[in-house]
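Peer 1: Sequence:
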Amino acid sequence: MEKGPFSVEWLARSSRGTGGRESPAVLGESRCARRSLPTGQASRDQEAADPSSRPGHGAEAAGGAVPGRPRTKFSAAQLQELERSFREQRYIGAGEKRRLAAALNLSQSQIKTWFQNRRMKFKRQTQDAR
Numbered sequence: 001m002e003k004g005p006f007s008v009e010w011l012a013r014s015s016r017g018t019g020g021r022e023s024p025a026v027l028g029e030s031r032c033a034r035r036s037l038p039t040g041q042a043s044r045d046q047e048a049a050d051p052s053s054r055p056g057h058g059a060e061a062a063g064g065a066v067p068g069r070p071r072t073k074f075s076a077a078q079l080q081e082l083e084r085s086f087r088e089q090r091y092i093g094a095g096e097k098r099r100l101a102a103a104l105n106l107s108q109s110q111i112k113t114w115f116q117n118r119r120m121k122f123k124r125q126t127q128d129a130r
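Residues in the sequence shown are numbered from 1 upward in steps of one, following full-length UniProt numbering.
By construction, these hints were calculated from the structure, which means they are not laboratory data. Among the hints, erroneous ones may be present.
[To be verified] In silico lysine to any residue, SDA-like type, Cα no more than 25 Å apart, as pairs: (1) Lys112 to Arg98; (2) Lys73 to Phe122; (3) Lys123 to Tyr91; (4) Lys112 to Arg69; (5) Lys97 to Asp128; (6) Lys73 to Asn117; (7) Lys112 to Gln125; (8) Lys121 to Arg98; (9) Lys112 to Ala94; (10) Lys97 to Ala129; (11) Lys73 to Leu11; (12) Lys97 to Arg71; (13) Lys73 to Leu106; (14) Lys97 to Phe86; (15) Lys112 to Pro70; (16) Lys112 to Phe122; (17) Lys112 to Ala101; (18) Lys123 to Gly68; (19) Lys112 to Gly95; (20) Lys97 to Arg119; (21) Lys112 to Ser75; (22) Lys123 to Ala94.
[To be verified] Computed Cβ-Cβ distance ranges for the label pairs, DEER-style: (23) Arg130 to Arg84: 24 to 30 Å; (24) Lys73 to Arg124: 50 to 56 Å; (25) Phe122 to Arg13: 49 to 55 Å.
Where a beta carbon is used, it is the ideal one built from N, C-alpha and C, also for glycine.
Using the sequences and the accompanying hints, generate a full structural model.
Peer 2: Below, the structure written as structure tokens:
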């Protein structure tokens, strides 16, 4: 006599890991979920599980050229002004961002990104000092 999928015996067997069987309800649910995915969703899920399949991740990011915007090389004068502003305040406001962007001939997005990266560098430095 076969017991139901969630009987005490079945739960005891599954908790011991015998055979790795899942309940029929769980198996059926996963099959239905796969079938009901919109077109292309399965491949996107697979890409999300494998970061090396996305641009900028995996082998390309390890040293190969990644297509896209080239890295901004800040001049010494730009870095000096950015560092001075960072010492005054770690989080930049909209007005200061506009002022720096105009003064340094950079975009506001570049200023914002520089401050984000500089805060992470500061965080690493303070954590390493402990």
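Peer 1: Next, verify each hint and record whether it holds.
Peer 2: Tested hints:
Our distance criterion of 25 Å between C-alpha atoms is met by lysine 112 and arginine 98, whose separation comes to about 10 Å. With a CA separation close to 20 Å, the supplied pair lysine 73 and phenylalanine 122 stays within the 25 Å bound. For the suggested pair lysine 123 and tyrosine 91, the alpha carbons sit about 13 Å apart, so the restraint of at most 25 Å is met. The straight-line distance between the Cα atoms of lysine 112 and arginine 69 is roughly 16 Å, inside the 25 Å bound, and the hint therefore holds.
Distance restraint check for lysine 97 and aspartate 128: the Cα-Cα separation of roughly 29 Å exceeds the 25 Å cut-off, and the hinted pair is therefore not satisfied. For the suggested pair lysine 73 and asparagine 117, the alpha carbons sit about 14 Å apart, so the restraint of at most 25 Å is met. Among the hinted pairs, lysine 112 with glutamine 125 is consistent with the structure: their alpha-carbon atoms are about 20 Å apart, no more than 25 Å. The straight-line distance between the Cα atoms of lysine 121 and arginine 98 is roughly 23 Å, inside the 25 Å bound, and the hint therefore holds.
For the given pair, lysine 112 sits about 10 Å from alanine 94 by alpha-carbon distance, which is consistent with the 25 Å threshold. Taking the CA atoms of lysine 97 and alanine 129, the gap is about 30 Å. The hint is violated against a cut of 25 Å. Distance check on the hinted pair: lysine 73 and leucine 11 sit about 61 Å apart at the alpha-carbon level, beyond 25 Å; violated. The straight-line distance between the Cα atoms of lysine 97 and arginine 71 is roughly 20 Å, inside the 25 Å bound, and the hint therefore holds.
Distance hint between lysine 73 and leucine 106 is fulfilled; the C-alpha atoms sit about 11 Å from each other, no more than 25 Å. Between lysine 97 and phenylalanine 86 the alpha-carbon distance is near 11 Å, which keeps this suggested pair within the 25 Å criterion. For the hint linking lysine 112 to proline 70, the alpha-carbon distance of about 17 Å falls within 25 Å, and the restraint holds. Between lysine 112 and phenylalanine 122 the CA atoms are separated by roughly 15 Å; this keeps the pair inside 25 Å, and the hint holds.
Distance restraint check for lysine 112 and alanine 101: the Cα-Cα separation of roughly 10 Å lies within the 25 Å cut-off, and the hinted pair is therefore satisfied. Our distance criterion of 25 Å between C-alpha atoms is broken by lysine 123 and glycine 68, whose separation comes to about 28 Å. As the CA atoms of lysine 112 and glycine 95 are separated by approximately 12 Å, the hinted pair is consistent with the 25 Å bound. Only pairs whose Cα atoms come within 25 Å are accepted, and lysine 97 paired with arginine 119 is accepted, the gap being roughly 15 Å.
Distance check on the hinted pair: lysine 112 and serine 75 sit about 17 Å apart at the alpha-carbon level, within 25 Å; holds. This hinted pair checks out: lysine 123 and alanine 94 have alpha carbons roughly 23 Å apart, not beyond 25 Å. The hint said 24 to 30 Å for the Cβ distance between arginine 130 and arginine 84, and at roughly 26 Å that hint holds. The given range of 50 to 56 Å is broken by lysine 73 and arginine 124, whose C-beta atoms sit roughly 22 Å from each other.
The supplied range of 49 to 55 Å is met by phenylalanine 122 and arginine 13, whose beta-carbon atoms lie about 54 Å from each other.
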